[in-house]
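Q: Each chain, written out:
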Amino acid sequence: MTLSIQHQESYSRGELLLRTIFGAIYIFVPHVFLLAFIGIWAGILGFLAFWVVLFTGSYPQSWFEFQVKLMNWSMRFTATIMHLVDGYPAFGVNGTSDKVSLTVSYPETISRGLVIVRTLFGAIYVVLPHGVCLMFRMMATGVLAILAWFSVLFTGNYPDRWHAFNVGTLRWGLRVQLYMTFLTDEYPKFTGKELEEDAAPIAEAEAPAADDTAPARDDASPATDDATPASDDAGSKEKPDGE
Amino acid sequence: MEGHSTHIALPQPHEIPKRDREDAMGAYLMMFAAWGAGLPLPLLNLLAAIIYFFTNKKTSRFVSFHAYQSLLTQIPISILNASAVAWTLRNLYKDYAFSDYFWTYFIFIGLWNLIYMIFSIIACVQARKGRFYYFWVFGRISFARYFGPDAVSLEEKEKPNLPPEGF
Chain A
1 MTLSIQHQES YSRGELLLRT IFGAIYIFVP HVFLLAFIGI WAGILGFLAF WVVLFTGSYP
61 QSWFEFQVKL MNWSMRFTAT IMHLVDGYPA FGVNGTSDKV SLTVSYPETI SRGLVIVRTL
121 FGAIYVVLPH GVCLMFRMMA TGVLAILAWF SVLFTGNYPD RWHAFNVGTL RWGLRVQLYM
181 TFLTDEYPKF TGKELEEDAA PIAEAEAPAA DDTAPARDDA SPATDDATPA SDDAGSKEKP
241 DGE
Chain B
244 MEGHSTHIAL PQPHEIPKRD REDAMGAYLM MFAAWGAGLP LPLLNLLAAI IYFFTNKKTS
304 RFVSFHAYQS LLTQIPISIL NASAVAWTLR NLYKDYAFSD YFWTYFIFIG LWNLIYMIFS
364 IIACVQARKG RFYYFWVFGR ISFARYFGPD AVSLEEKEKP NLPPEGF
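These protein sequences, in sequence, are chains A and B.
243 is the number that this note's numbering gives the last residue of the first sequence; the numbers go up by one with no jumps.
410 is the number that this note's numbering gives the last residue of the second sequence; the numbers go up by one with no jumps.
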């Protein structure tokens, strides 16, 4: 898993004040409103995914991608509301940002045993130790966020190390979330730092991932190629409601 | 080419990507959505099936077929369940007696749900294998919508995926 939130050279003081005074109205309310509804859907999919993983040993890929995209949206929103980046967070699971990016490589298999262990004992061996550490870290993050607010207001600069620390808190929490929602089998490390082993597989996986799916889709499309001559990237995707 | 009235071959299991098979399987799991939400509202399953259908209808025909069939089968069962819930609530809040009619209906609903669950799980497993599975009536309606009669002439009888019987 890689989470990167860009540290800007300079931050807009005007945006900072705008976010502080009106952020609840124009950022918090609309995003949280939508995230809550889509979160219900994500929760339903997560619950069903538990059973799918239990019986098949793999997380449905499109559901996995949906969950990651939703986390991406949530991170865009959180980073903005925490003043880690300027700008307005894009709405929607398909929204993108040039300052905030979350990448999680899709695991072909998920351990069924671990799924049961996590469900039964996750609160003890994951939530409790990480929760205690994160609680203290979040306190520190809160203090730094307040100090950084003044720093941005007076100097237009968010101290680099504070920024890294606050992003690290988000990254750590996200790792715990990924583990507890069965999106990865890797036990979360007790650190907020970017891990080298996280970055490497994703870099390798990104290029072949597109290649892997494309031929598979092409294989399927001849079955319906007459009906879908115009499929492009979707390749392979048929247009069923053409009638 | 005009429209899609030309040949539409049925995709066979080896031609269907894993992702599509998983998505098709997911359609039948929507019957458990209310459990996931933790709310005993039968219409939630129907709502989930509708959302799933609309989010997947532009993927492959295979997925759309299963999502549509799942949605159609949810409609009668959701109505039956909703009426059972409404009847129960009415009796509870208005202090009416739980008559024999009520219990008969309740048992009927229970059996119906059990049968529906069994067939849905079978459909779920078949979909994940890349196979078609046709529910009574709804299978034909869904097949007609996404493949139509032209699919029939193309199929050979030994292929795993065939149109519904007598289509």
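Treat the hints with care, as some may be off.
[As the list claims (entries may be wrong)] Here are the simulated DSS-like pairs of lysine-lysine, each with C-alpha atoms no more than 25 Å apart in a straight line:
| hint | chain 1 | residue 1 | chain 2 | residue 2 |
| --- | --- | --- | --- | --- |
| 1 | B | 372 | B | 402 |
| 2 | B | 261 | A | 69 |
| 3 | B | 402 | A | 69 |
| 4 | B | 261 | B | 337 |
| 5 | B | 261 | B | 402 |
| 6 | A | 193 | A | 69 |
| 7 | B | 372 | B | 301 |
| 8 | A | 193 | A | 99 |
| 9 | B | 301 | A | 69 |
If you're looking for bench data, these hints aren't it; they were derived computationally from the structure.
Q: Evaluate each hint against the coordinates.
A: Now the hints, each set against the structure:
no., hint, verdict
1, B:372 to B:402, "14 Å, holds"
2, B:261 to A:69, "20 Å, holds"
3, B:402 to A:69, "38 Å, violated"
4, B:261 to B:337, "51 Å, violated"
5, B:261 to B:402, "19 Å, holds"
6, A:193 to A:69, "22 Å, holds"
7, B:372 to B:301, "21 Å, holds"
8, A:193 to A:99, "18 Å, holds"
9, B:301 to A:69, "19 Å, holds"
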